[in-house]
Amino acid sequence: MGRNLQNGERLRPVDLAREHGLSTQAIRNYEEAGILPAAGRTPHGYRTYTSLHARALRAFLALVPGHGHQTATSIMRAVNEGAAEGAFRLIDESHAQLLDDRRTLQAVESALRDLEPTAVSEPAAVSEPGGTFIGPLARKLGIRPATLRKWERAGLVRPRRDPRTGYRVYDEADVRDARLAHQLRRGGYLLEQIAPLIAQVRAAGGLEPLEAALRDWRGRLSARGRAMLAGAAELEAYLRERG
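Start counting the sequence shown at 787; every next residue gets the next number (this note's numbering).
Watch out, some of these pointers could steer you wrong.
Simulated DEER-style distance windows between Cβ atoms [stated by the list, open to error]:
{"id": "1", "residue 1": "V850", "residue 2": "R935", "range": "31 to 41 Å"}
{"id": "2", "residue 1": "P931", "residue 2": "G826", "range": "49 to 59 Å"}
{"id": "3", "residue 1": "E867", "residue 2": "R947", "range": "56 to 66 Å"}
{"id": "4", "residue 1": "A1009", "residue 2": "F919", "range": "37 to 47 Å"}
{"id": "5", "residue 1": "P949", "residue 2": "P851", "range": "51 to 61 Å"}
{"id": "6", "residue 1": "P982", "residue 2": "P949", "range": "25 to 35 Å"}
{"id": "7", "residue 1": "G974", "residue 2": "D878", "range": "19 to 29 Å"}
{"id": "8", "residue 1": "R798", "residue 2": "P931", "range": "19 to 29 Å"}
{"id": "9", "residue 1": "K936", "residue 2": "R827", "range": "47 to 57 Å"}
{"id": "10", "residue 1": "R827", "residue 2": "Q892", "range": "49 to 59 Å"}
{"id": "11", "residue 1": "L884", "residue 2": "L1025", "range": "15 to 25 Å"}
{"id": "12", "residue 1": "R950", "residue 2": "A1013", "range": "49 to 59 Å"}
Straight-line Cα separation of at most 20 Å, SDA-like style, residue types lysine to any residue; simulated pairs [stated by the list, open to error]:
{"id": "13", "residue 1": "K926", "residue 2": "D886"}
{"id": "14", "residue 1": "K926", "residue 2": "P949"}
{"id": "15", "residue 1": "K926", "residue 2": "E938"}
{"id": "16", "residue 1": "K936", "residue 2": "R965"}
{"id": "17", "residue 1": "K936", "residue 2": "D957"}
{"id": "18", "residue 1": "K926", "residue 2": "R944"}
{"id": "19", "residue 1": "K936", "residue 2": "A985"}
{"id": "20", "residue 1": "K936", "residue 2": "D886"}
{"id": "21", "residue 1": "K926", "residue 2": "A959"}
{"id": "22", "residue 1": "K926", "residue 2": "K936"}
{"id": "23", "residue 1": "K926", "residue 2": "A882"}
{"id": "24", "residue 1": "K936", "residue 2": "P922"}
{"id": "25", "residue 1": "K936", "residue 2": "A981"}
{"id": "26", "residue 1": "K936", "residue 2": "R947"}
{"id": "27", "residue 1": "K926", "residue 2": "Q969"}
{"id": "28", "residue 1": "K936", "residue 2": "A924"}
{"id": "29", "residue 1": "K936", "residue 2": "R950"}
If you are wondering where the hints come from, they were derived from the structure by calculation, not from laboratory data.
These numbers were taken from a predicted model, which means no experiment stands behind them.
Ideal Cβ positions, reconstructed from N, Cα and C, are used throughout, including at glycine.
With the hints as constraints, model all of the structure from the sequences given.
Printed below as a string of structure tokens:
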């Protein structure tokens, strides 16, 4: 297969590496991972590359920002193994995930718009027998009870304790905070980033503290979408050169 891939001038590993500010070891690692087609060899055993390898490297590096390193690697490996349909399926899955993330963002924005200032600033006290226990709430959110306990330690939720059983009881405001935490975690935010946002929303009685975070989230989704377009263009160029 290697001899059919050669096209034009022979290139050294350093020639491919220099264009992108990479090390020659990185080029060798990419070849071993299947990101690049197999290199040719000189009579002395040195690797030689061609314009096709340079195109493959550009395609991979363009795919990474939109799809992530692992998926970009799998896409290039599939193409180089002659399994283009598998590569297309991986790309489709990335686009589906991006769409799901956009819907998650919309759900967060919708949830925030539905919050009333009085409920945000003054969590309602729940009288007996009101409230939700940890198990039902965890099931509702599709997470483990241990996750809710972790969020409590991080200050994201503040359930009270039932005086008779000692069980955690989540009132309406706690459920809201857990829902927001869950959505923001899906959006890629860390617990230490979410905690001050929820605290500010509680104290401020409004949604302004989250506006900057939502703008950043929207910006990152848009950047991923554009990166996917750029990656698709480079991959198409590589596919054309492969023939």
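Tested hints:
1. V850 - R935: 31 to 41 Å: 36 Å, holds
2. P931 - G826: 49 to 59 Å: 57 Å, holds
3. E867 - R947: 56 to 66 Å: 57 Å, holds
4. A1009 - F919: 37 to 47 Å: 41 Å, holds
5. P949 - P851: 51 to 61 Å: 53 Å, holds
6. P982 - P949: 25 to 35 Å: 31 Å, holds
7. G974 - D878: 19 to 29 Å: Cβ of G974 to Cβ of D878: about 21 Å, so the range 19 to 29 Å holds.
8. R798 - P931: 19 to 29 Å: Given range 19 to 29 Å: violated, Cβ gap about 57 Å.
9. K936 - R827: 47 to 57 Å: Roughly 53 Å apart at Cβ, these two residues keep to the hinted range, so it holds.
10. R827 - Q892: 49 to 59 Å: Given a distance of about 53 Å, which is inside 49 to 59 Å, the answer is holds.
11. L884 - L1025: 15 to 25 Å: Hint holds: Cβ distance 22 Å, inside 15 to 25 Å.
12. R950 - A1013: 49 to 59 Å: Since the Cβ atoms of R950 and A1013 sit about 55 Å apart, the hinted range of 49 to 59 Å holds.
13. K926 - D886: Satisfied, since the Cα-Cα distance of roughly 19 Å is no more than 20 Å.
14. K926 - P949: The hint is violated at about 24 Å.
15. K926 - E938: 17 Å, holds
16. K936 - R965: 14 Å, holds
17. K936 - D957: 18 Å, holds
18. K926 - R944: 18 Å, holds
19. K936 - A985: 16 Å, holds
20. K936 - D886: 25 Å, violated
21. K926 - A959: 15 Å, holds
22. K926 - K936: Since the Cα atoms of K926 and K936 sit roughly 17 Å apart, the hinted pair holds (cutoff 20 Å).
23. K926 - A882: Measuring from Cα to Cα gives roughly 24 Å; hence the hint is violated.
24. K936 - P922: Distance of about 16 Å is within 20 Å: holds.
25. K936 - A981: 12 Å, holds
26. K936 - R947: 16 Å, holds
27. K926 - Q969: 13 Å, holds
28. K936 - A924: 12 Å, holds
29. K936 - R950: 23 Å, violated
Hint compliance for this structure: hints 8, 14, 20, 23, 29 are broken, all remaining hints hold.
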